[in-house]
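A.B. asks: Here is what each chain is made of, one letter per residue.
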Amino acid sequence: MAGDYLDRLRREGRIVIVGASLAGLRAAETLRAEGFTGELTLIGDEPHEPYDRPPLSKSVLLGMASPRRTELPHRREIDAKWRLGIAATGLDLAAKRVRLADGDEVPYDRLLIATGVRARPWLKEDEARLDGVCLLRTRDDAADLVQRLDAGPRRVFVIGAGFAGSEVASACREKGIPVTVAERAGAPLVGALGGVIGAVAADLQTENGVDLRTHVTVTGLEGDSIGRVRAVHLSDESVVEADVVVVSLGSQRNTEWLTGSGLGAGPRGIACDAGCRAFDFRGIVTDDVFVAGDVARSPHALFGYQFLSLEHWGNAVAQAETAAHNMICHGADRRPHLWMPAFWSSMFGVNIKSVGVPPMGDQLMITQGSLAERRFVGVYGYQGRVIAAVTFDNARWLEFYARQIERGAPFPVEYPTMDRRPENRQPVAADFPDPSLPTHGPTVTLSGYSPADQQLVFHPARH
Amino acid sequence: MPKAPLFRQITDFAHRADPYPLYEELRRTPVLHEEADGPFVISSYWDIEALLHDPRISSDATNLAAAGADELSHSDETGGLPPSFIRLDPPEHDRLRRIANRGFGPPRRPRRIEGMHGELEEIVAGLLDGLGDARQIDLVDQFAYPFPVTVICRLLGVPREDEPRFRAWVDPIVAGLDPDSRTSADSARAAQEARLQLGMYLSGLVEQRTREPRDDLLSDLVTSHGPDGSMTMMEVLATAVLLLIAGHETTVNLITNGMLTLLRHPDVLRRLARDPGLSVRIVEELLRYEPPVQIVPQRTCIADIEVRGVIIPKGSRIWLMLAAGNRDPERFKDPDRFDPDREDIQHLGFGSGVHSCFGAPLARLEAQIALAALARRLENPRLVADPPPYRQNAILRGPRHLEIAFDGLN
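First to last, the sequence lines map onto chains H and R. Here the first sequence is numbered in UniProt numbering, starting from 1 and rising by one per residue. Here the second sequence is numbered in UniProt numbering, starting from 1 and rising by one per residue.
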């Protein structure tokens, strides 16, 4: 009987969570809160207890918080076996075992995969090894970068003007450090928010003293005689001297360890159903393997049931809670993961928040405030309905727009709103770049309808 | 005789000591509209929360289709002074609030309120020590009123000894917010006159601060020259009137409602006496359970909007029943139970959205310090009368007096 199996699982089963960061921790806590009394194992490749990442590119770089003190608060005792500092290297679905880098194997009755993403490294390995070439994803990355910034570099060079890169540039300027930012597209944040909002972000950078270079790529990093980076070569043939280079080219999903396992896992993540159950490579849903957090791609009802990957803090928490709940409940009690995509950032003293999926939008309307004042609400439309919204220093209205997205409210926004400016009565093209061009990447990725990792890429409308 | 329409019962004094059964009745009709010119009364948590974030909702009385006839939305601010930011919409609201905030909170003064912690504890200790050998006090007159008045005077830079003068103006302004329907026109006029008088009184202080700035909020208001520019003199006065009144009237009720609730829940009171840190959770739960501002009556809409299938026409009066939403069983489990151990206390006590309470950090700190001190120092405190006598006001609801007997001071 399925019921008997579940009762036994809840009482004395073995649950293994691979990935000991935000999603893994919150899932573990939810399992215990919902009455799981069996054996719980958390496996993580970093040697640290779960810690919070958003401060690493903000308060930590500014010296307002220590990179060693961003541990995530525990909501409750989880009584788990921790296997920290050891990466999972393989999965045997048939035998229900996770292989570890030290050769050990951990058996499970149910498995949660929450291995997240890592920073995309500089593609030329010899250049990436130069002293002063940094990534920013982990706590150790942050500790290293803070030290280099505190040493008073002559110039910091940031490759890629996505959110992370822009936040690093903001921290540098706040510390009075000269900084150059190179972006392949026409403006910062274009992958996530489009060219119209990107232009505002560009003004914000240049006004704060960032040397912003757009429509350029980095062709090479040059080292000195003792292996320290000293200059950056750009596609426009200019050369910028810098002694710290921050590579901020988006992220890669940690799925390599699942190669050959038979799961529907690939470079774009691990496909799972709305209940967080992983698909195998044939598109058949598995019973005992669940997925949560940045590494998951799951279909979303609000966005045409396309698979959606979200590198959002709130999504990791919500999906982990749903996955954990579904791992130990009866089929009829399972919940779908229907999180409204939402993220925030802060740079150059401006608070940026967004809901929905901006890159899906083809048109944009400023419904409140003004771009010129850098305090506004921008609403994205797709096929006649509201699909996303972004605010600059106007976050308190965002809940309203989240509801509009949920209801599939019509676009353009015809009704009057507080602080609607006469020049903003008509929508304009949102101006997203061709998504097939590699750039820092949006924080939301739509990846078609296939549970297997075929190259079916959703293309936002272009003009 | 037919019963009065429900919405008229909101101002009926008979409900003041316990308005919650009435609110429960209100929630049965989530969008209540009983008379053609009457307000649309919204009483469910999710609806209130949605409207507080709705960019089609206005706080500006000039967007009302017809002024007057509504006893709750009589402006307290139609006198000689321009409206303060509480009665304005973006972008004017945002600009004035940002300028006011420069002297009050982050990013420019992140420690202004936190930095008053020791000073607040001293004021509280002084008031309690001053009770001498008394074994029975009126908590309102002897503690819950003088404490926040002293605090707001110091913060703004208004001489404490002027309290009897400005109280004579504050009382009619507050009464004007919530007059009995039969005398509304008179009390509205009295409120306007009082607001002008209070503004004139404050203008003397403001002129002085323009010449010799000190470390107080009045000085910050007149000397602020940030990215938003400066306030005009009239804007400074309107803001100062708002901060002076809002800075203490609501806190009196938060502290008094708080002590009343604790005396009705002696187990929680005993826990607080042992663990002053519990005051943080207690104050949050109080803001849900007995919020000092019960109703937001000054909203309208700048377009037809739909709430639960009901169309609210443009220019209608909208009353948001915060205290009813706070007891909504669709939002809170066991909503009528006072339970500081709740995991989830996302209350509407300070409102929400762009108009959410400006002074919330100060009000929280004052109430936490006051209640922790009362719990620790009053020996065996008891209510002398339950329910206590209430003030008339339905919006700023709280006891007029709260007689407490006790065996001594620790």
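FYI, nobody ran anything at the bench for these hints, they're computed from the structure. There could be a bad hint or two in this list.
Restraint-style ranges between C-beta atoms, simulated for each label pair [said to hold, decoys possible]:
1) R/D386 with H/Y305: 55 to 61 Å
2) H/P412 with R/P5: 56 to 62 Å
3) H/E71 with R/D344: 22 to 28 Å
4) R/E121 with H/E71: 29 to 35 Å
5) H/K175 with R/E121: 33 to 39 Å
6) R/P5 with H/Q383: 32 to 38 Å
7) H/E406 with R/H225: 29 to 35 Å
Selected chain R positions facing chain H (Cβ under 10 Å, derived; list incomplete) [claimed, not checked]:
8) H33
9) E34
10) E35
11) A36
12) D37
13) G38
14) R56
Being a predicted model, the structure only gives us computed values, none of them experimental. Note that beta-carbon positions come from the ideal geometry of N, C-alpha and C, so glycine has one too.
A.B. asks: For every hint, state whether the structure bears it out.
C.D. replies: Here's how the hints hold up against the structure:
1. R/D386 with H/Y305: 55 to 61 Å: holds (58 Å)
2. H/P412 with R/P5: 56 to 62 Å: violated (40 Å)
3. H/E71 with R/D344: 22 to 28 Å: holds (24 Å)
4. R/E121 with H/E71: 29 to 35 Å: holds (31 Å)
5. H/K175 with R/E121: 33 to 39 Å: Between H/K175 and R/E121, where Cβ atoms are some 37 Å apart, the hint holds.
6. R/P5 with H/Q383: 32 to 38 Å: Since the Cβ atoms of R/P5 and H/Q383 sit about 45 Å apart, the hinted range of 32 to 38 Å is violated.
7. H/E406 with R/H225: 29 to 35 Å: 43 Å Cβ-Cβ, so the 29 to 35 Å window is violated.
8. H33: violated (21 Å)
9. E34: violated (26 Å)
10. E35: violated (26 Å)
11. A36: violated (24 Å)
12. D37: Hint violated; R/D37 Cβ to chain H Cβ min 23 Å, cut 10 Å.
13. G38: With a minimum Cβ separation of about 24 Å from chain H (threshold 10 Å), the hint on R/G38 is violated.
14. R56: holds (6 Å)
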